[in-house]
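Chemist: Full structure from sequences and hints, please.
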Amino acid sequence: MTKEEKYKLVEAFIIENQHSYYRLAFSYVKNKEDALDIVQESIVKALKSIDYIEQIEYIKTWFYRILINTSIDYIKRNKRTIASPDEILDFHLPNQEINLHDLDLYDAIDHLPITYKTIIILRFFEDMKIDDIAEMLGENSNTIKTRLYAALRKLRIEMKEDVES
Numbered sequence: 001m002t003k004e005e006k007y008k009l010v011e012a013f014i015i016e017n018q019h020s021y022y023r024l025a026f027s028y029v030k031n032k033e034d035a036l037d038i039v040q041e042s043i044v045k046a047l048k049s050i051d052y053i054e055q056i057e058y059i060k061t062w063f064y065r066i067l068i069n070t071s072i073d074y075i076k077r078n079k080r081t082i083a084s085p086d087e088i089l090d091f092h093l094p095n096q097e098i099n100l101h102d103l104d105l106y107d108a109i110d111h112l113p114i115t116y117k118t119i120i121i122l123r124f125f126e127d128m129k130i131d132d133i134a135e136m137l138g139e140n141s142n143t144i145k146t147r148l149y150a151a152l153r154k155l156r157i158e159m160k161e162d163v164e165s
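Taken in order, the sequence shown gives residues 1 to 165; the numbers are from the UniProt record's numbering.
Source of the hints: derived by calculation from the structure; they are not laboratory data.
There could be a bad hint or two in this list.
[Claimed, not checked] Derived BS3-like pairs: lysine-lysine, alpha-carbon spacing no greater than 30 Å straight-line: (1) Lys45 x Lys6; (2) Lys154 x Lys76; (3) Lys48 x Lys117; (4) Lys32 x Lys129; (5) Lys60 x Lys32; (6) Lys45 x Lys8; (7) Lys117 x Lys30; (8) Lys3 x Lys60; (9) Lys60 x Lys45.
Just so we're clear, the structure is a prediction, and the values are computed from it rather than from any experiment.
Modeler: Written out as structure tokens, the structure reads:
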């Protein structure tokens, strides 16, 4: 496959999945402009390293990995993850309703360690399979399952504490 053909495939893939990429970036930084910057920076990185993708069927995993790494790097550089309630409400798709329980859940997810948070977001918000997440993160499927259940346990405890208080 030529470089130009790869560019066209990557471009089509990015356009097709742009909303998912934005949601994932937003889930890390909780700010519209920062999320857009992360997506843009990820696209630039992907296009610069397009020669490194040998099997085009792995494009989804490849780009998500770039996006996750860029999001984590951004957080480390800027230390900004606080969102206003308006930003969280804007994050939802127009047809989605939001209630206070949802806000508590998003807050609880935001307080998880980054490895747990990533797995929760990919599994439940991006609807990815365990094996796909494992491949994307370069981990064993059993490791991902263990982290997922640990994250869910932490969320359950935190949500229970919120209800009781």
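Chemist: If you check each hint against the structure, which ones fail?
Modeler: none
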